[in-house]
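Student: In case you want the letters, here they are:
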Amino acid sequence: MKEKHTIIIKVTNHPGVLAKISGLLAQRGYNIESAIAAPTENPDVYKISVVVEEDDRGIQQITKQLNKVVDTIKVTDISHKNNYVVREYLIIKVKVNNENRSDVFELMQVFSAKALDVDSDYIMMELAGTQRKISRIIKLLKPYGIEEYVRSGEFAMSE
Amino acid sequence: MKGSEIIVDSLKQEKVDKIFGYPGGAVIPIFDTLHSNRDIEVMLTRHEQGAVHAADGYARTTGKPGVCIVTSGPGATNTITGLATAKLDSIPVIVISGQVPTSYIGTDAFQETDFFGLSTSICKHNYLVKDIKNLPNIIKEAFHVATSGRPGPVTIDVPKDVSLAELPNYKYPKKVDMAGYQPVIEGNMKQIKKLAEAIKKSSKPVLYTGGGIVTSGAEKEIRKLVEKVNIPTTTTLMGLGTLPYDHPEFLGMPGMHGTVAANYALTECDLLIAIGTRFDDRVTGPPDTFAKNAKVAHVDIDPAEIGKIIETDIPVVGDAGDVLKKLINILEPKAKNGWNKKTQQWKSRYPLKYDQANSKEILPQYIIDTLNDLVDDAIMVTDVGQHQMWVAQFFHFKNSGQLLTSGGLGTMGYGLPAAMGAAASKPGKPVINVSGDGGFQMNIQELTTCALNNLPVKNILINNSYLGMVRQWQELFWDKRYAKTSLRKPGQNPEDNTPTNYCPDMVKLAEASGVKGLRANKPEDVEEVLKTGLEYDGPVVMEFFVRETENVYPMVPSGKPINEIILGDEQ
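If you read the sequences in order, they're chains A and B.
Just so we're aligned: the first sequence equals residues 1057 to 1215 in this note's numbering.
Just so we're aligned: the second sequence equals residues 446 to 1016 in this note's numbering.
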């Protein structure tokens, strides 16, 4: 059964390393749902978080192939581990009018979303949370008319 | 010290004494430094593809990394096929390529390609040197990565300004410090015990070994294992010679053109022990039909190979030699049983055959078979196609690493330059390249390199005037529609075996390149031509006009289980 997995790849900070990792996944026929790469507290180390949808055997292959990259330091599939804090970040712009603006504000309050910009015909807000929470607010905002949104993809840290 | 001097000194520190290359604008500084050095010989090929395959042949023959230096842009891209060849066969090849100066990178400068990007997916690892400070470490790492664990090709892209820059206080590093790269060499004892237990319990085991045995140098251990527990053994194309052809438990090669005995044994076994091999589709057929009743043990140095194709019951990660030594130590001897008898019966009932006595034309198998009587020990090189399979089937391999062939990528044009690299290593035995008329023409320019460097490559050219393997598929599965597989002059009578019907005239071409040319077009001339060619002091092309329609059998059609074998008309 295919399931979404968040995989954290710690790599040596060499030029081209992100291209190597994403190229490898594409070359082996895996689809990346999201990928984030960012520096860490150690300037020599980069952390790449990818979300892929695969069955158990596929995930096993992916982690093995990722481990094989010479620049890779460590690969962790955190999907079934509960000692990780996993978050995603969202910025979303929703159409509003005088009638429904307060409904959207109410929703924002429930989700603890923060307004970034408000105009007569839209609200732009930000929200960090679990992937489930992010997906839920997008679903609930949809009827108002979403102009644009951007999701960071998942990133994580062990407790 | 200058960048180019650092490169040459590093090569010396890595004990490189021969490199293959082709100069160009971006590598003039490196070639210039090499020009005045006395320790490293540079062999100029006639094409960069020739250089990279030669480095590959050199590596396979010596066990040392093969080094190749080429220029930027087209020089670098011409090595791509050779790198991919080395990657799929796990061969330590190091390509040092020139690059446009750092300030020009990304501007589509003259002879600029993104070689780092291009080579990423076909190399074990690769580097672009952006700063001379990193050059010594990068070279050290490149050699370490190429030769350790599961070996493979590595590229180092060196911009021209880095070759010219000065680095004060240069010292070649003694050690590498790579956080994420630590190949597992030692096999886990717990897993090895499980394997020993499985061997003890099994009544129908098969040992299936590959090129990993050659890399590991574990042929003695394989033999000990086979003899201690009397296990029938099949060896892939990449591993031929690791168990001698005449060993009683040797079943031959498995797979698409493997022996019936090997394929039946793989199908019926209850325990499959795979060591240093990767379940290539040419061996397994559809994976869900392969060794269906067997418990599978897989020993490999590369953890990513385990479970990639076939679900494994007993995985053992480690070097084949280390695992085998530990395994042999704890194994209890086992006598032969009915299973050994059964595999022997398959062997005698379905031998590899050909019928030269009833053919007026030369049969390619007869050439290989005759060769067995004429050479005691030789390095065998092949190109890719029918002749490659005939060599695998009919040559009597006795030693590990004796066969140099592009097993994984199936690179036509590999044979001649790889043989050249093997000969350049002065192996102290003949280097014989068996090729077809298709593949031979793909790097035929290297005949000149052989002639000018007096590299005594013995080329056996099996000329059936067809791209024979594709022709065979067309005959059997494509309704005899021979779409673009004939290499003959158009409109000629295919029955007519006079040289004027063949183009080019290979004997003339050999002679024009400074290489001796010989030809046989009758069976009775085969032995004489082989003898003359082998005895000649220098490179030779021995051309044999053979039966055009001869096919490679046994054959398992693509997509069928490996026990559904076509034996061919004569069997």
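One thing to keep in mind: the hints can contain errors.
Said to hold, decoys possible - Pairs of lysine-lysine, DSSO-like flavour, derived with a Cα cap of 30 Å:
hint : chain 1 : residue 1 : chain 2 : residue 2
1    : A       : K1120     : B       : K786
2    : A       : K1124     : B       : K638
3    : B       : K753      : A       : K1124
4    : B       : K786      : B       : K646
5    : B       : K753      : A       : K1137
6    : B       : K649      : A       : K1124
7    : B       : K786      : A       : K1124
8    : B       : K786      : A       : K1130
9    : A       : K1120     : B       : K740
10   : A       : K1130     : B       : K638
11   : B       : K620      : A       : K1066
12   : A       : K1124     : B       : K740
13   : A       : K1124     : B       : K619
14   : B       : K635      : B       : K463
15   : B       : K639      : A       : K1120
16   : B       : K786      : A       : K1066
17   : B       : K463      : B       : K532
18   : B       : K578      : B       : K649
19   : A       : K1058     : B       : K1005
20   : B       : K619      : A       : K1130
These are calculated hints, taken from the structure and not from any lab test.
Student: With reference to the structure, classify each hint as holding or not holding.
Tutor: Against the structure, the hints come out as follows:
no., hint, result
1, A/K1120 x B/K786, "violated (40 Å)"
2, A/K1124 x B/K638, "holds (26 Å)"
3, B/K753 x A/K1124, "holds (13 Å)"
4, B/K786 x B/K646, "holds (18 Å)"
5, B/K753 x A/K1137, "holds (24 Å)"
6, B/K649 x A/K1124, "violated (34 Å)"
7, B/K786 x A/K1124, "violated (42 Å)"
8, B/K786 x A/K1130, "violated (49 Å)"
9, A/K1120 x B/K740, "holds (22 Å)"
10, A/K1130 x B/K638, "holds (29 Å)"
11, B/K620 x A/K1066, "holds (23 Å)"
12, A/K1124 x B/K740, "holds (26 Å)"
13, A/K1124 x B/K619, "holds (24 Å)"
14, B/K635 x B/K463, "violated (43 Å)"
15, B/K639 x A/K1120, "holds (23 Å)"
16, B/K786 x A/K1066, "violated (53 Å)"
17, B/K463 x B/K532, "holds (21 Å)"
18, B/K578 x B/K649, "violated (58 Å)"
19, A/K1058 x B/K1005, "holds (28 Å)"
20, B/K619 x A/K1130, "holds (25 Å)"
The structure is inconsistent with the numbered hints 1, 6, 7, 8, 14, 16 and 18, although it conforms to all the rest.
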